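Colleague: Sequence:
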Amino acid sequence: MVRRRLVDDDDVEVRTGRDSAATRRSLVRAARRRFATDGYRATTVRQIAADAGVNVALINRYFVSKEGLFEACMLRTSDELDIDTRTPSTTVDEVITKMLAHVGTGPDGDDPLQLLLLLRSSGDEAADAVRRRILLQYARGIATVAGRDPDDPRSEPFLLRAELAISMLLGIVMLRSSSAAVEPLAGAGPADLDGPLRAALRALLADG
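The numbering used here runs 1 ahead of the 1-based position in the sequence shown.
Since the hints were derived computationally from the structure, they do not count as laboratory data.
As the structure is a prediction and not an experimental result, all values here were calculated from the model.
Glycine included, every Cβ here is placed at the ideal spot set by N, Cα and C.
Relax, there's no trap hidden among the hints.
Each pair of labels, with its calculated beta carbon distance range:
hint : residue 1 : residue 2 : range
1    : A58       : R134      : 28 to 34 Å
2    : A58       : A182      : 36 to 42 Å
3    : D193      : D94       : 17 to 23 Å
4    : G172      : E81       : 16 to 22 Å
5    : R199      : L137      : 19 to 25 Å
6    : R155      : A23       : 44 to 50 Å
All chains should be modelled from the sequences, with the hints used to inform the complete structure.
Modeller: Quick look at the structure:
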């Protein structure tokens with residue numbers, strides 16, 4: 002059941018039984034899918050609201066603007082890609098397994114969106130700065146797990162290899178999600194990708 006009321010002359014949809022946190026999550030999920038697949042400029046706030054099943058006015062209420070919603074999507078991606086460097090038992094192989102989980106599902110799944118969204122420029126300087134920070138943070142996390150100090154200049158060659166590994170995964174996700182994707186890559190399942198990708202990532206991230 003949906004009831005409506007006027008708030009400051011705006012027709013804002015109020016859904017019974019749906020709290021603000023759930024609405025926020027729905028909007029971020031819908032926005033991330035739109036931004037990742039259609040791009041920032043081609044996506045409208047009305048499309049996002051329709052996908053989430055809420056009134057478009059709620060985007061301004063919770064995120065101020067389209068740019069604010071984009072940044073919220075990027076911050077969620079940062080949380081999901083975060084590498085826990087505080088756990089001593091974390092190994093490079095475990096990080097590789099986590100990385101592969103983000104490319105193994107098909108283009109209709111949500112996992113690849115974390116990576117695909119990192120390729121999308123928002124046109125907003127602040128949001129794009131968040132995107133760059135996430136990519137660097139991801140590479141630094143890999144270096145830390147591998148026993149490198151990312152602030153040590155001697156670790157720069159390893160940071161380069163970590164960024165190469167991330168770039169490889171970004172390229173795979175982009176090709177699998179693109180309308181120009183070709184077989185067998187586009188239709189490859191997790192089992193098909195795991196062996197060759199794991200070997201390539203180990204070669205890049207192995208100690209030495």
